[in-house]
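K.L.:
Between the sequences and the hints, there should be enough to build the whole structure, so can you do that?
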Amino acid sequence: MTLTRATVRTPKKLSSPSFFHQPIHPHSAISANDFSVAEVRRILESADALEKDNPIKRANRLAKRRVALLFYESSTRTRTSFELAAKALGADTTLVSSLSSSIEKGESLKDTGITLKALGAECIILRSPYSGAPYLLARATGLPILNAGDGMAEHPSQALLDLRTILQFLAIRSSTVNEKSLRGVTLTICGDILHSRVARSNALLLPRLGAKVILCGPPEFLPDLAAEMTPGLVIERDFDSALRQSQIVMMLRIQAERLAGVQIDLDDYRTRYQANAERIAARAPQALIMHPGPIIRGMEITAEVADGPHSAIANQVYNGVPIRMALVARALSTVAKKRGPK
Amino acid sequence: MSPTQKPLLIRGGRLVDPATGLDAPRDLLLRDGKIAAIENPGKIKAPDAEIINAKEMIVAPGLIDIHVHLREPGQGYKETIATGTAAAAAGGFTTVCAMPNTIPANETPEVTRWMQAPERGATARVFPIAAATRGSMGEALTDYPALKDAGAVAVTDDGKPILGDEIMLEALQAAAKLRLPVIQHAEDTRLTGGCSMNAGVLAFRLGLRGMPVEAESGLVERDIALLKQVKNGHLHVAHLSTARALDAVRRARRSGLHVTCEVTPHHFALTEERIGLYDTNAKMNPPLRAESDRTAMIEGILDGTVDAIATDHAPHAAHEKEQEFDRAPNGITGLETALGLAIAVLHVKHKMPLDKILALMTTRPADALGLRSRGGLAPGFPADVVVFDPAEKWVFHSAESRSKSKNTPFDGWELQGRVQLTVSEGRIVFHRR
Ligand SMILES: [Zn+2]
Chain A
0 MTLTRATVRT
10 PKKLSSPSFF
20 HQPIHPHSAI
30 SANDFSVAEV
40 RRILESADAL
50 EKDNPIKRAN
60 RLAKRRVALL
70 FYESSTRTRT
80 SFELAAKALG
90 ADTTLVSSLS
100 SSIEKGESLK
110 DTGITLKALG
120 AECIILRSPY
130 SGAPYLLARA
140 TGLPILNAGD
150 GMAEHPSQAL
160 LDLRTILQFL
170 AIRSSTVNEK
180 SLRGVTLTIC
190 GDILHSRVAR
200 SNALLLPRLG
210 AKVILCGPPE
220 FLPDLAAEMT
230 PGLVIERDFD
240 SALRQSQIVM
250 MLRIQAERLA
260 GVQIDLDDYR
270 TRYQANAERI
280 AARAPQALIM
290 HPGPIIRGME
300 ITAEVADGPH
310 SAIANQVYNG
320 VPIRMALVAR
330 ALSTVAKKRG
340 PK
Chain B
0 MSPTQKPLLI
10 RGGRLVDPAT
20 GLDAPRDLLL
30 RDGKIAAIEN
40 PGKIKAPDAE
50 IINAKEMIVA
60 PGLIDIHVHL
70 REPGQGYKET
80 IATGTAAAAA
90 GGFTTVCAMP
100 NTIPANETPE
110 VTRWMQAPER
120 GATARVFPIA
130 AATRGSMGEA
140 LTDYPALKDA
150 GAVAVTDDGK
160 PILGDEIMLE
170 ALQAAAKLRL
180 PVIQHAEDTR
190 LTGGCSMNAG
200 VLAFRLGLRG
210 MPVEAESGLV
220 ERDIALLKQV
230 KNGHLHVAHL
240 STARALDAVR
250 RARRSGLHVT
260 CEVTPHHFAL
270 TEERIGLYDT
280 NAKMNPPLRA
290 ESDRTAMIEG
300 ILDGTVDAIA
310 TDHAPHAAHE
320 KEQEFDRAPN
330 GITGLETALG
340 LAIAVLHVKH
350 KMPLDKILAL
360 MTTRPADALG
370 LRSRGGLAPG
380 FPADVVVFDP
390 AEKWVFHSAE
400 SRSKSKNTPF
410 DGWELQGRVQ
420 LTVSEGRIVF
430 HRR
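In order, the protein sequences belong to chains A and B. Position 249 of the first sequence, counting from 1, maps to 248 under numbering that gives the first Met the number 0, and the rest follow consecutively. Position 29 of the second sequence, counting from 1, maps to 28 under numbering that gives the first Met the number 0, and the rest follow consecutively.
It is possible that part of the hints are untrue.
Claimed, not checked - Here are the simulated SDA-like cross-link-like pairs (lysine to any residue), alpha carbons at most 25 Å apart as the crow flies: (1) B:Lys-355 with B:Pro-378; (2) A:Lys-109 with B:Asp-278; (3) A:Lys-109 with B:Gly-193; (4) B:Lys-176 with B:Ala-104; (5) B:Lys-54 with B:Val-347; (6) A:Lys-109 with B:His-318; (7) A:Lys-116 with B:Gln-322; (8) A:Lys-104 with B:Pro-328; (9) A:Lys-104 with B:Ala-317; (10) A:Lys-109 with B:Ala-398; (11) A:Lys-104 with B:Glu-319; (12) A:Lys-116 with B:Arg-326; (13) A:Lys-109 with B:Ala-317; (14) B:Lys-159 with B:Arg-133; (15) A:Lys-109 with B:Gly-411; (16) B:Lys-350 with B:Asp-302; (17) B:Lys-392 with B:Met-351; (18) A:Lys-116 with B:Ala-317.
Note that these hints are calculated values from the structure, not bench results.
P.N.:
As structure tokens, this is what we get:
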């Protein structure tokens, strides 16, 4: 027997690449980083166009196309908004929710995805309590996946609708959006940033358009290293100081369901971080007040501020439908645009 | 060993035996399951032997992996002792130490013996490691004398660290009387609830909860403090992953304590960046860490603080890994990539001599767990031999793995150093064709 060195290396071609090498459909929207600035502009323009579109004509755009909504967490705002968006384009929608019995007991996300695809779904809108779940679904099905919130990770459609709200406030036209559009604009995100997918998606998106984003909150909700996530972020522990610098303030609720043992003195929290009328009037009387909801009145924000003249909360909800129309239309568009390197 | 096994004469190779420091051209005769002779090239006359030409190859003691999960009894869908040791043989390992987190757990002499029975079809020597506490609950010790009698070489609650000071002290004392090491998976689980990766910016960015470095180093420091109170106590720290914990081991050793430790190939080859977009084949416990920790592992290997390269081979079925990151089980396979990674990273990139690398995979782990007459090539030792080409570059394909499971982050990696032949107790258990 002779042992010899293999002189020619012949890596065998494998029948199928391993699961984690399966491609993600380029029309997915999983992270705010999925979109180049040019693509953000196109989505905003598409949202404008679809919003103005004749409703009858609009309802033919995706007539009889099939969109599945797969929701493992309860959600009123996001689910309704996506559903109305898909229906406004004429798509057939089906809701599979963990609250109804339609998610088989113990069935994996992968198998549920494969089942939905076999039933004809061409796009799946997913909300999951698990960070990264949309990538799993995208790999398993090959379908475009729209992320309606995954764990603590991301909520990209929320970041886009927040951007639309901000641009409206600043009277910036969608067609002009570029890397400098938000130069000179300072926005504070305040609250439970650690557990917030909305905060992450906004913090990833807005600095790329030139905004300065201040993250504000106590260390329990905002570790120092959060600012290292992407360029353009700064941490400010003093809410009053953050307010003085900001044209826009985005308040976040405390996510009791994700606290996992974090202890916090709520009275102290209110004293330091609540957006109340007195504080806003003194520090940022002209600032736009945003909140992705759900609001816990009297905790992170008071009724006067949430319902006040500078509140954009209703505008945010309104903007959800056009933005999500644009995302659903993009997901189901047949023109495959190559996703460029980020 | 089957009695009909022909003697084997391995000729023309470069024989490297870290136990004796020998590194020279030698021929090696294996007969009746033992090493029969080591002589200068051409000197051995054995007309009845099958000749193996090992030109350009390294001939070394069969490799020893002191940390594997063979999943039997109880989880044969992930791995069996037969498939796990087949993967071991393909990776050049002839000795593996099997962790006790089986179903039922290896906490009784019956299970310990069952794992070593010939019916298991092992193609490598399996030394069981027994549970340190009943049900690995950290409350009451198992029967160490009986488990040692049945063949256990160490005790551990791997995966469920022993947190209580008193019970850990008891374990160290009871094991010391029998000269058994207590192996600790050093993780203060009070700090890692719900965590699935290393703490840091990346965990924050991915929205995953991170295990702080202190969860590992804190428990290592605690264990070292307890060890000081135990006469002849021996603590072995499993799969070290942080610079801080490694420093603690280094200091304890300088102060004369009997502390040994192991590092896995993935902790010296990869960082947390390998997780990418939630790839669960990069999820294990301890998690992949930062680059500074990875380089600290390499320093610890180079300066001798690390006693063993151990794989923590942890097979899982595809359906278990193809889940949401938080839900997927911890662990990766490692037996077939360990040598190729060690040579590619430690030898090629960090210029570590091959005999030093082999020492970490043979004689030093044998010493650490007191595996007598394993890990060397002296006449009379079991005929455990690996023959490998140290220069061959090759691409690892998980689909071709002998393990039942394919959960590896190294699929498609180019490695260096390829096993050609593995002989376990005189029997050819792997031959690359
Ligand atoms: Zn372990």
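K.L.:
Run through the hints listed earlier and report the numbers of any the structure violates, in increasing order.
P.N.:
none
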